[in-house]
Amino acid sequence: MFSSDRILALNVGASKIVLAEYSVKSGRPPELMNYGTAELAVDPENETGAGAHLVSAIREVMKTHGIHPAPLMLALSGQMVFPRFVRLPAVGEDKLLQMVQYEVEQNVPFPIDEIVWNHQFIGDASSGEQSAMIVAAKIENVREITDRVLEVGLEPEIVDVAPMALYNCLRYNYADLSGCTVLLDIGARSTNLIFVEDEKIYSRCIPVAGNAITQELVKSFQIPFAEAEALKRERAFVALGGVYATEDETSERISKIVRNVVTRLHAEISRSVNFYRSQQGGSAPMRMLLTGGSSVLPHLDTFFREKLQVEVAYLNPFTNVGLSSRINREKAGTDAFVLAETVGLALRRSLACPVEINLMPPEIVKRKSFKKRIPFFGLAAAGVLLSLGIWTMYENQMQKLYAFQNEQVAAKLAACQTKKASLAKVEKSKEEVERKAEAVKNVIKERTAWLKRVDAIRKSLFEGMWLTEMGPVKDANGAVTGLRIVGRGWADKLKVIEEKAKAAGRTATAVEELRDRLKTQSVFGKEAQDVKIVGVKDVEAYLIEFTIEAALATSADPKDATAR
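Counting from 774, one number per residue, gives the positions in the sequence shown under our numbering.
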């Protein structure tokens, strides 16, 4: 644990930063002591990062609000990271970690040596699968932020991600929520959409946010971006019609532009809800909580309440988090929509959080590790000096009597100790190499076997067929004895397969033809019931879904799969 009871929480957004000072004690909720915000002066016309403006912005906040250096909890913008949510088979921890790294290599669109990543397992594997969340970012983008932070004299203890900090803030302040909750964080360049349901979590970054409104005002009124931004802040609201209509032509025009943009945002939210329910096994949202700098547009909550037909409210990050007597409570209430991420960061210091992601660059990790060892180096040096002093006193007193004998004994003892240490080191290295070699051998053998089984299925598929799911079939003892293969095919393509079979003198459906192909694969059993069709159903008039169960071959090392 850290020794300080005071920390700084820094959220670096696309257009502004929020720096907050918290009092923290282990096992107790944090207390907000001080905070400030500053614009980053980022050009909205390009995608240049915030790093170039970060140093001056942090110094401005620290000077203006009298904030002094302390251990720093840092949150990156959601648009900087690549979140992935995967499902893995319920296997041992070592194999799970290997599978996670494989998923990182397959799903993150950059070489693994160019990214910094972390993961967290979600829920348990009682359903036979283990859900995992992977968060990755380009290491050069993370360094752009951390290098500027170090330049100011602050050293990050944790590099979190804004959506995960918001998730921790929500879970702590709204612990009794039931069903599915959607947290909508509307920023300047992007909107973070976070689904919270029991132990499930799913997030997505949507590139529709406050700047999209400003850009539309620029086009409509033919004015500079800064002037359009000021106009948005002063007069924008979401047009709802009816009693919300205004006789001011300019305001009416602005409100319709705003509505067009938030309508696009609603369409993206609806697509995300459908994906969450169909691919992540989630439920329909019961409520929405709003936060973020662009969430305060008048009537925005009413718009989403009418569109989504759910309860909509603003997130209060201070439901269970204290405010110091130095804090202006009315102002803090107004600024709560930009302080939620800092609350989530402060919770990482004082309490165990449900999601604990850290994207610290490796060079900072090494430097912090070295600093932790410095006190031990000092103690070791003091011990050596003390031993030398005592030994010198003893030697001076006994030098005449034992000088010759002492030199001989010391030399022999040193030689023996050196040999003993060398032998112990070699033996330890040998055992470690043997252990690692055996582990790698087992992993390669198991992975190869499964790759061959997957390849056998792939080669057996006819044109117009594809897999949608593949899962293990286990016996009463929990051992994997086969595979459940679920796939789909275009009805017209399957009919062509059946006509070819008929022309060859076989009366069989396309799925039966696939079953017979699988039987010829050496990775599956050869008996009549080893490969069987479990079900076939029409998903649509043009789409067929089929399920086949195939028993694994008894050989521990199946031969290469070949197509018939």
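Take the hints with a grain of salt, since some may be wrong.
For lysine-lysine, the following DSSO-like pairs were computed, each having C-alpha atoms within a straight-line distance of at most 30 Å [unchecked claim]:
{"hint": "1", "residue 1": "Lys-798", "residue 2": "Lys-836"}
{"hint": "2", "residue 1": "Lys-1247", "residue 2": "Lys-1305"}
{"hint": "3", "residue 1": "Lys-1247", "residue 2": "Lys-1310"}
{"hint": "4", "residue 1": "Lys-1192", "residue 2": "Lys-868"}
{"hint": "5", "residue 1": "Lys-1218", "residue 2": "Lys-1247"}
{"hint": "6", "residue 1": "Lys-1198", "residue 2": "Lys-1214"}
{"hint": "7", "residue 1": "Lys-1198", "residue 2": "Lys-1247"}
{"hint": "8", "residue 1": "Lys-973", "residue 2": "Lys-1247"}
{"hint": "9", "residue 1": "Lys-1209", "residue 2": "Lys-1141"}
{"hint": "10", "residue 1": "Lys-1232", "residue 2": "Lys-1273"}
{"hint": "11", "residue 1": "Lys-1247", "residue 2": "Lys-1275"}
{"hint": "12", "residue 1": "Lys-1080", "residue 2": "Lys-973"}
{"hint": "13", "residue 1": "Lys-1209", "residue 2": "Lys-868"}
{"hint": "14", "residue 1": "Lys-1225", "residue 2": "Lys-1266"}
{"hint": "15", "residue 1": "Lys-1193", "residue 2": "Lys-1225"}
{"hint": "16", "residue 1": "Lys-1292", "residue 2": "Lys-1305"}
{"hint": "17", "residue 1": "Lys-1266", "residue 2": "Lys-1310"}
{"hint": "18", "residue 1": "Lys-1225", "residue 2": "Lys-1292"}
{"hint": "19", "residue 1": "Lys-1192", "residue 2": "Lys-1203"}
{"hint": "20", "residue 1": "Lys-1198", "residue 2": "Lys-1209"}
{"hint": "21", "residue 1": "Lys-1185", "residue 2": "Lys-1214"}
{"hint": "22", "residue 1": "Lys-836", "residue 2": "Lys-1247"}
{"hint": "23", "residue 1": "Lys-1201", "residue 2": "Lys-1185"}
{"hint": "24", "residue 1": "Lys-1247", "residue 2": "Lys-1185"}
{"hint": "25", "residue 1": "Lys-1232", "residue 2": "Lys-1209"}
{"hint": "26", "residue 1": "Lys-1209", "residue 2": "Lys-1080"}
{"hint": "27", "residue 1": "Lys-1275", "residue 2": "Lys-868"}
{"hint": "28", "residue 1": "Lys-1218", "residue 2": "Lys-1299"}
{"hint": "29", "residue 1": "Lys-1275", "residue 2": "Lys-1299"}
{"hint": "30", "residue 1": "Lys-1305", "residue 2": "Lys-1275"}
{"hint": "31", "residue 1": "Lys-1141", "residue 2": "Lys-836"}
{"hint": "32", "residue 1": "Lys-1273", "residue 2": "Lys-1310"}
{"hint": "33", "residue 1": "Lys-1299", "residue 2": "Lys-1310"}
Cβ-Cβ distance ranges computed for the label pairs, FRET-style [stated by the list, open to error]:
{"hint": "34", "residue 1": "Thr-837", "residue 2": "Ala-1197", "range": "56 to 62 Å"}
{"hint": "35", "residue 1": "Arg-1257", "residue 2": "Asn-1047", "range": "24 to 30 Å"}
{"hint": "36", "residue 1": "Phe-894", "residue 2": "Glu-1079", "range": "20 to 26 Å"}
{"hint": "37", "residue 1": "Pro-980", "residue 2": "Leu-1096", "range": "31 to 37 Å"}
{"hint": "38", "residue 1": "Asn-880", "residue 2": "Lys-1139", "range": "35 to 41 Å"}
{"hint": "39", "residue 1": "Glu-1041", "residue 2": "Pro-1135", "range": "31 to 37 Å"}
{"hint": "40", "residue 1": "Thr-1023", "residue 2": "Phe-894", "range": "22 to 28 Å"}
If you're looking for bench data, these hints aren't it; they were derived computationally from the structure. Just so you know, these numbers come straight off a predicted model, no measurement behind them. No residue lacks a Cβ here, since even glycine has one placed at the ideal position from N, Cα and C.
Status of each hint after checking the structure:
1. With a CA separation close to 26 Å, the supplied pair Lys-798 and Lys-836 stays within the 30 Å bound.
2. The hinted pair formed by Lys-1247 and Lys-1305 meets the criterion: a straight-line CA distance of about 16 Å does not exceed 30 Å.
3. For the hint linking Lys-1247 to Lys-1310, the alpha-carbon distance of about 24 Å falls within 30 Å, and the restraint holds.
4. Distance hint between Lys-1192 and Lys-868 is unfulfilled; the C-alpha atoms sit about 38 Å from each other, more than 30 Å.
5. Using a Cα cut-off of 30 Å, the hinted pair Lys-1218 and Lys-1247 holds, with the two alpha carbons roughly 20 Å apart.
6. Restraint check: the Cα-Cα separation between Lys-1198 and Lys-1214 comes to about 24 Å, which is no more than 30 Å; the hinted pair holds.
7. For a cut-off of 30 Å, the pair hint linking Lys-1198 to Lys-1247 is broken: about 44 Å separates their Cα positions.
8. Only pairs whose Cα atoms come within 30 Å are accepted, and Lys-973 paired with Lys-1247 is accepted, the gap being roughly 26 Å.
9. With a C-alpha separation of about 28 Å, the suggested pair Lys-1209 and Lys-1141 falls inside the 30 Å cut-off, and the hint holds.
10. A distance of roughly 18 Å separates the Cα atoms of Lys-1232 and Lys-1273; the hinted pair therefore holds under the 30 Å criterion.
11. Our distance criterion of 30 Å between C-alpha atoms is broken by Lys-1247 and Lys-1275, whose separation comes to about 36 Å.
12. With a CA separation close to 24 Å, the supplied pair Lys-1080 and Lys-973 stays within the 30 Å bound.
13. Straight-line distance between C-alpha atoms of Lys-1209 and Lys-868 comes to about 13 Å, which keeps the hinted pair within the 30 Å bound.
14. Restraint check for Lys-1225 and Lys-1266: the C-alpha separation of about 26 Å stays at or below 30 Å, so the hint holds.
15. A hinted pair counts as satisfied when its Cα atoms are at most 30 Å apart, and Lys-1193 with Lys-1225 does not qualify at roughly 48 Å.
16. Restraint check: the Cα-Cα separation between Lys-1292 and Lys-1305 comes to about 9 Å, which is no more than 30 Å; the hinted pair holds.
17. With a C-alpha separation of about 15 Å, the suggested pair Lys-1266 and Lys-1310 falls inside the 30 Å cut-off, and the hint holds.
18. For the suggested pair Lys-1225 and Lys-1292, the alpha carbons sit about 15 Å apart, so the restraint of at most 30 Å is met.
19. Between the alpha carbons of Lys-1192 and Lys-1203 the distance comes to roughly 16 Å, so the proposed pair stays at or under 30 Å and holds.
20. For the given pair, Lys-1198 sits about 16 Å from Lys-1209 by alpha-carbon distance, which is consistent with the 30 Å threshold.
21. Proximity of Lys-1185 to Lys-1214 is assessed by CA-CA distance (about 43 Å); at most 30 Å being required, the pair is judged violated.
22. For the hint linking Lys-836 to Lys-1247, the alpha-carbon distance of about 64 Å lies beyond 30 Å, and the restraint is violated.
23. Between Lys-1201 and Lys-1185 the alpha-carbon distance is near 24 Å, which keeps this suggested pair within the 30 Å criterion.
24. About 63 Å separates the Cα atoms of Lys-1247 and Lys-1185, which puts this hinted pair outside 30 Å; it is violated.
25. Only pairs whose Cα atoms come within 30 Å are accepted, and Lys-1232 paired with Lys-1209 is rejected, the gap being roughly 34 Å.
26. Restraint check for Lys-1209 and Lys-1080: not satisfied, since their Cα atoms lie roughly 57 Å apart, outside the 30 Å limit.
27. This hinted pair does not check out: Lys-1275 and Lys-868 have alpha carbons roughly 46 Å apart, beyond 30 Å.
28. As the CA atoms of Lys-1218 and Lys-1299 are separated by approximately 23 Å, the hinted pair is consistent with the 30 Å bound.
29. Between Lys-1275 and Lys-1299 the alpha-carbon distance is near 24 Å, which keeps this suggested pair within the 30 Å criterion.
30. At roughly 21 Å between alpha-carbon atoms, Lys-1305 and Lys-1275 fall within 30 Å of each other, so this suggested pair holds.
31. In summary, the hint linking Lys-1141 to Lys-836 is supported, as the alpha carbons are separated by about 27 Å, within the 30 Å threshold.
32. Restraint check for Lys-1273 and Lys-1310: the C-alpha separation of about 22 Å stays at or below 30 Å, so the hint holds.
33. Of the supplied pair hints, the one linking Lys-1299 and Lys-1310 holds, its CA atoms being roughly 26 Å apart against a limit of 30 Å.
34. Thr-837 and Ala-1197 have their C-beta atoms about 59 Å apart, which keeps the hinted 56 to 62 Å range intact.
35. As the Cβ distance of Arg-1257 to Asn-1047 is approximately 25 Å, the hint placing it in 24 to 30 Å holds.
36. Against the hinted window of 20 to 26 Å, the Cβ-Cβ separation of Phe-894 and Glu-1079 comes to about 38 Å, which falls outside the hint.
37. Checked against the given bound of 31 to 37 Å, the beta carbons of Pro-980 and Leu-1096, roughly 34 Å apart, stay inside it.
38. The hint said 35 to 41 Å for the Cβ distance between Asn-880 and Lys-1139, and at roughly 27 Å that hint is violated.
39. A C-beta distance of roughly 35 Å is found between Glu-1041 and Pro-1135, which places it inside the suggested range of 31 to 37 Å.
40. Between Thr-1023 and Phe-894 the beta carbons are some 53 Å apart, a value that contradicts the proposed interval 22 to 28 Å.
Checked against the numbered hints above, the structure violates hints 4, 7, 11, 15, 21, 22, 24, 25, 26, 27, 36, 38, 40; every other hint is satisfied.
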